[in-house]
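Number of protein chains: 2
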Amino acid sequence: MTSNLHAPNGLSIIPVAGIPEIGEGDDLAAVTVANATLRDGDVVVITQKIVSKAEGRIRHIKEDDSAGFERLVAGEARRILRRRGTLTITETHHGFICANAGIDRSNTAVDTVALLPLDPDLSARRIQRRIEVLGQVAVGVIITDTFGRTWRNGVTDVAIGCAGVAGVVDLRGTVDAQGRTLQATEVCIADEIAGAADLVKPKDGNIPIVIVRGLDSSYLRPSSVSAEIVRSPQGDLFR
Amino acid sequence: MTSNLHAPNGLSIIPVAGIPEIGEGDDLAAVTVANATLRDGDVVVITQKIVSKAEGRIRHIKEDDSAGFERLVAGEARRILRRRGTLTITETHHGFICANAGIDRSNTAVDTVALLPLDPDLSARRIQRRIEVLGQVAVGVIITDTFGRTWRNGVTDVAIGCAGVAGVVDLRGTVDAQGRTLQATEVCIADEIAGAADLVKPKDGNIPIVIVRGLDSSYLRPSSVSAEIVRSPQGDLFR
Numbered sequence: 001m002t003s004n005l006h007a008p009n010g011l012s013i014i015p016v017a018g019i020p021e022i023g024e025g026d027d028l029a030a031v032t033v034a035n036a037t038l039r040d041g042d043v044v045v046i047t048q049k050i051v052s053k054a055e056g057r058i059r060h061i062k063e064d065d066s067a068g069f070e071r072l073v074a075g076e077a078r079r080i081l082r083r084r085g086t087l088t089i090t091e092t093h094h095g096f097i098c099a100n101a102g103i104d105r106s107n108t109a110v111d112t113v114a115l116l117p118l119d120p121d122l123s124a125r126r127i128q129r130r131i132e133v134l135g136q137v138a139v140g141v142i143i144t145d146t147f148g149r150t151w152r153n154g155v156t157d158v159a160i161g162c163a164g165v166a167g168v169v170d171l172r173g174t175v176d177a178q179g180r181t182l183q184a185t186e187v188c189i190a191d192e193i194a195g196a197a198d199l200v201k202p203k204d205g206n207i208p209i210v211i212v213r214g215l216d217s218s219y220l221r222p223s224s225v226s227a228e229i230v231r232s233p234q235g236d237l238f239r
Numbered sequence: 001m002t003s004n005l006h007a008p009n010g011l012s013i014i015p016v017a018g019i020p021e022i023g024e025g026d027d028l029a030a031v032t033v034a035n036a037t038l039r040d041g042d043v044v045v046i047t048q049k050i051v052s053k054a055e056g057r058i059r060h061i062k063e064d065d066s067a068g069f070e071r072l073v074a075g076e077a078r079r080i081l082r083r084r085g086t087l088t089i090t091e092t093h094h095g096f097i098c099a100n101a102g103i104d105r106s107n108t109a110v111d112t113v114a115l116l117p118l119d120p121d122l123s124a125r126r127i128q129r130r131i132e133v134l135g136q137v138a139v140g141v142i143i144t145d146t147f148g149r150t151w152r153n154g155v156t157d158v159a160i161g162c163a164g165v166a167g168v169v170d171l172r173g174t175v176d177a178q179g180r181t182l183q184a185t186e187v188c189i190a191d192e193i194a195g196a197a198d199l200v201k202p203k204d205g206n207i208p209i210v211i212v213r214g215l216d217s218s219y220l221r222p223s224s225v226s227a228e229i230v231r232s233p234q235g236d237l238f239r
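Protein chains in written order, with our numbering: chain A, 1 to 239; chain B, 1 to 239.
Since the hints were made in silico from the structure, they are not lab data. Every residue, glycine too, gets a C-beta built ideally from N, C-alpha and C. Honestly, I wouldn't trust all of these hints.
Unchecked claim - Distance ranges between label pairs, derived from CB positions:
(1) ARG78(B) to ALA227(A): 34 to 42 Å
(2) ARG78(B) to THR112(A): 41 to 49 Å
(3) GLU186(B) to ALA227(A): 45 to 53 Å
(4) ALA138(B) to ASP111(A): 39 to 47 Å
(5) ARG79(A) to ASP236(B): 29 to 37 Å
(6) GLY85(B) to HIS93(A): 25 to 33 Å
(7) GLN178(A) to ALA17(B): 18 to 26 Å
(8) GLU186(A) to ASP236(B): 21 to 29 Å
(9) ASP40(A) to ALA30(B): 38 to 46 Å
Stated by the list, open to error - Covered stretches of chain B (chain A as the covering partner; in silico rule of three or more C-beta atoms under 8 Å from a C-beta of chain A):
(10) 112 to 121
(11) 219 to 232
Bound-form chain A, shown alone (with noise of 0.2 Å):
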């Protein structure tokens, strides 16, 4: 092993493994700390999937009753984007751009769907104060969920909430190595975190909870998706 190994900037990224299956009000942050010895300045990396289904927010609708799953999109779409085939792109309530309006059918009862949450920096907030009272650490806490991009192919994990861990952070001011002032820097970090957690996450839904431990302490701050990064439609090029 060499030095770097041991280098106290590097993260560890670590599955947690035992959730058991979640339904309608049970204890995400409970569940958490019974499962994973957390430390001060972790984030905890949820997948929307269980909170959706501990907030109640699933549906019944027949595995091929693709009308019956449009019109649950389009009462969770703002507005619709595009539509080609089965996908159509929206803009959900909460400003995400995405596809169905987040709804899908993976890691549900047969039948069933899970909606987004409804406001999920609140749910990640409820949790974070949770798991800070019952755990007694101070943690950060990222909902994730699974979006595709324009001009890319594969989907990513993004943080559609977050808590206690910054959503973006400006590095405008900071100076390069050769001390020159970096201009718009701002590193969508909750981001780059969501995605570094789904690489630990087999798609079976299996491990929907994952800890990154050693990030930047200056990261460690109130946060929103919402108000950090969700754009703004006067700021989009593209819509």
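Could you slot chain B onto chain A? The hints should help.
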């Protein structure tokens, strides 16, 4: 420490300290092997800027020569998608859609800029093969750059070249926790790895190489950003 700290599927994100200033003709594989003890299955994540420097893709241009900068951007672009103020959204000759054809002034000498490598997949493949020879280890290599996103604030690091580690992993045909076959789950793990590595890189450019250790061994295979990640205009709903 809990047992999940030793989970076989955990990842380590390890910044490599001690990388010297890179100039044209420098051997990035030798620099990597000299500063990190690699293991089979590691992925070496390298910032585009030092690849461009090693490949002589630096151009001299005065800091205040905005007309000259625009000419450089035009030369690297296949097409201009949008303009707003000093921001030009371009499609590069590689097919990447990004600001200013990927040209920027950060972490280059004063009065110089770095163009993107001509063929980042080829750059990654050359570095990968040479690391394997010099270090006697089987690794993947990802070359990253920092791109904006259509509907989300903040930039994230993404893969512009890769070798020996998958761009997009196709999880279609695998089953979810309910035994239902997953549909259309193609995950862009190369971008998730790029973003994960960025979390340990200060923007001052002093950590241009990061090791990602512990990835699923099935992800280590021949690969290409160009073939796997760049979306063809035919598949694109927003060009």
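How the hints compare with the structure:
1. ARG78(B) to ALA227(A): 34 to 42 Å: holds, 36 Å
2. ARG78(B) to THR112(A): 41 to 49 Å: holds, 45 Å
3. GLU186(B) to ALA227(A): 45 to 53 Å: violated, 31 Å
4. ALA138(B) to ASP111(A): 39 to 47 Å: holds, 45 Å
5. ARG79(A) to ASP236(B): 29 to 37 Å: violated, 20 Å
6. GLY85(B) to HIS93(A): 25 to 33 Å: Since GLY85(B) and HIS93(A) have Cβ atoms about 31 Å apart, the given range 25 to 33 Å holds.
7. GLN178(A) to ALA17(B): 18 to 26 Å: Given a distance of about 19 Å, which is inside 18 to 26 Å, the answer is holds.
8. GLU186(A) to ASP236(B): 21 to 29 Å: Given range 21 to 29 Å: holds, Cβ gap about 26 Å.
9. ASP40(A) to ALA30(B): 38 to 46 Å: With a Cβ separation near 40 Å, ASP40(A) and ALA30(B) satisfy 38 to 46 Å, so the hint holds.
10. 112 to 121: violated (count 0)
11. 219 to 232: holds (count 4)
Violated hints, listed in ascending order, are 3, 5 and 10; each of the other numbered hints is respected by the structure.
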